[in-house]
Amino acid sequence: QVQLVQSGSELKKPGASVKVSCKASGYTFSSNSMNWVRQAPGQGLEWMGWINTNTGNPTYAQGFTGRFVFSLESSVSTAYLQINSLKTEDTAVYYCMRDLSMLRFDYWGQGTLVTVSS
Amino acid sequence: QSALTQPASVSGSPGQSITISCTGTSSDVGGYNYVSWFQQHPGKAPKLMIHDVSNRPSGVSNRFSGSKSGNTASLTISGLQAEDEADYYCSSYTSSSTVVFGGGTRLTVL
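Residue numbers (this note's numbering), protein chains in the order written: chain W, 1 to 118; chain E, 119 to 228.
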């Protein structure tokens, strides 16, 4: 069965970096793109962008360029989200999700809470 | 890209039907048949309920249906049940080859 399992919660100080992992299983990793979404506390979903799991080419949404980096380790079917120079406003739950085709986000990770606080 | 517009909250009694609207522009909702709806219970990951405007994934109750007219998409839930109480989000593909979500709607089952 398809599963996306994300890494655990993180507590970081402003200015630090964090790397969230999303390990896929139950399907061919390179067959479907991986997307990322942010959900700040009590807020809605915000699409961050996606990464082509064939080519490794990332696409970032407006507002998520510069400090945010999508990457892959295809040998272990894992996608990563790295956030550099963390700010308190980056405090949120981050989700990865598989795109079966054109916003058919059929499987989601369980979410990773990143808390940025001094 | 501005978020799609959804009502902040809707409510209904068990057994009733409710509709949640999702309004965008001709550059997103109105321009493509790539509208999806997601259900999110507190503390849980979102779940895909509708894709491609009106298609239900396997396993999703047929009480959930989607439609679109012009720049507005809609999610209708018929035969409301207590377990339907959750937040609902729409999303659409855009002319910039990006994805935009709605602000979310809190459904309360009275």
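Hint data in this document are derived by calculation from the structure and do not stem from the laboratory.
Be aware that a few hints might be false.
Unchecked claim - With a cut-off of at most 30 Å between alpha-carbon atoms, the simulated BS3-like pairs for lysine-lysine come out as follows:
| id | chain 1 | residue 1 | chain 2 | residue 2 |
| --- | --- | --- | --- | --- |
| 1 | W | Lys19 | W | Lys87 |
| 2 | W | Lys19 | E | Lys162 |
| 3 | E | Lys186 | E | Lys165 |
| 4 | W | Lys13 | W | Lys23 |
| 5 | W | Lys87 | W | Lys13 |
| 6 | W | Lys23 | E | Lys162 |
| 7 | W | Lys19 | E | Lys165 |
| 8 | E | Lys186 | W | Lys12 |
| 9 | W | Lys23 | W | Lys12 |
| 10 | E | Lys165 | W | Lys12 |
| 11 | E | Lys162 | W | Lys87 |
| 12 | E | Lys186 | W | Lys87 |
| 13 | W | Lys87 | W | Lys12 |
| 14 | W | Lys23 | W | Lys87 |
| 15 | E | Lys162 | W | Lys13 |
| 16 | E | Lys162 | E | Lys186 |
| 17 | E | Lys186 | W | Lys23 |
To be verified - Have a look at the derived ranges for each label pair, beta carbon to beta carbon:
| id | chain 1 | residue 1 | chain 2 | residue 2 | range |
| --- | --- | --- | --- | --- | --- |
| 18 | W | Gln43 | E | Gly197 | 43 to 53 Å |
| 19 | E | Ser145 | W | Gln43 | 38 to 48 Å |
| 20 | W | Ser75 | E | Ser145 | 38 to 48 Å |
| 21 | W | Ser75 | E | Ser179 | 31 to 41 Å |
| 22 | E | Arg181 | W | Lys13 | 20 to 30 Å |
| 23 | W | Thr88 | E | Ser120 | 18 to 28 Å |
On a predicted model such as this, the values are computed, not experimentally measured, just so you know.
For each residue, glycine too, the CB sits at the ideal point set by N, CA and C.
To see whether the hints hold, each was checked on the structure:
1. W:Lys19 x W:Lys87: holds (14 Å)
2. W:Lys19 x E:Lys162: Between Lys19 (chain W) and Lys162 (chain E) the Cα gap is close to 21 Å, so the pair holds against 30 Å.
3. E:Lys186 x E:Lys165: Status holds; Cα separation ~20 Å.
4. W:Lys13 x W:Lys23: holds (25 Å)
5. W:Lys87 x W:Lys13: Holds - the C-alpha atoms of Lys13 (chain W) and Lys87 (chain W) are around 8 Å apart, at most 30 Å.
6. W:Lys23 x E:Lys162: holds (18 Å)
7. W:Lys19 x E:Lys165: holds (24 Å)
8. E:Lys186 x W:Lys12: violated (43 Å)
9. W:Lys23 x W:Lys12: Holds. Lys23 (chain W) to Lys12 (chain W) sits at ~22 Å (cutoff 30 Å).
10. E:Lys165 x W:Lys12: holds (29 Å)
11. E:Lys162 x W:Lys87: holds (25 Å)
12. E:Lys186 x W:Lys87: violated (39 Å)
13. W:Lys87 x W:Lys12: Holds, at roughly 9 Å.
14. W:Lys23 x W:Lys87: At roughly 26 Å apart (the allowed maximum being 30 Å), Lys87 (chain W) and Lys23 (chain W) satisfy the hint.
15. E:Lys162 x W:Lys13: holds (26 Å)
16. E:Lys162 x E:Lys186: holds (27 Å)
17. E:Lys186 x W:Lys23: Not OK: Lys186 (chain E) and Lys23 (chain W) at ~35 Å, beyond 30 Å, violated.
18. W:Gln43 x E:Gly197: 43 to 53 Å: violated (30 Å)
19. E:Ser145 x W:Gln43: 38 to 48 Å: violated (24 Å)
20. W:Ser75 x E:Ser145: 38 to 48 Å: holds (39 Å)
21. W:Ser75 x E:Ser179: 31 to 41 Å: For Ser179 (chain E) against Ser75 (chain W), whose Cβ atoms are near 39 Å apart, the range 31 to 41 Å holds.
22. E:Arg181 x W:Lys13: 20 to 30 Å: With a Cβ separation near 47 Å, Arg181 (chain E) and Lys13 (chain W) fall outside 20 to 30 Å, so the hint is violated.
23. W:Thr88 x E:Ser120: 18 to 28 Å: holds (24 Å)
The earlier numbered hints that this structure contradicts are 8, 12, 17, 18, 19 and 22.
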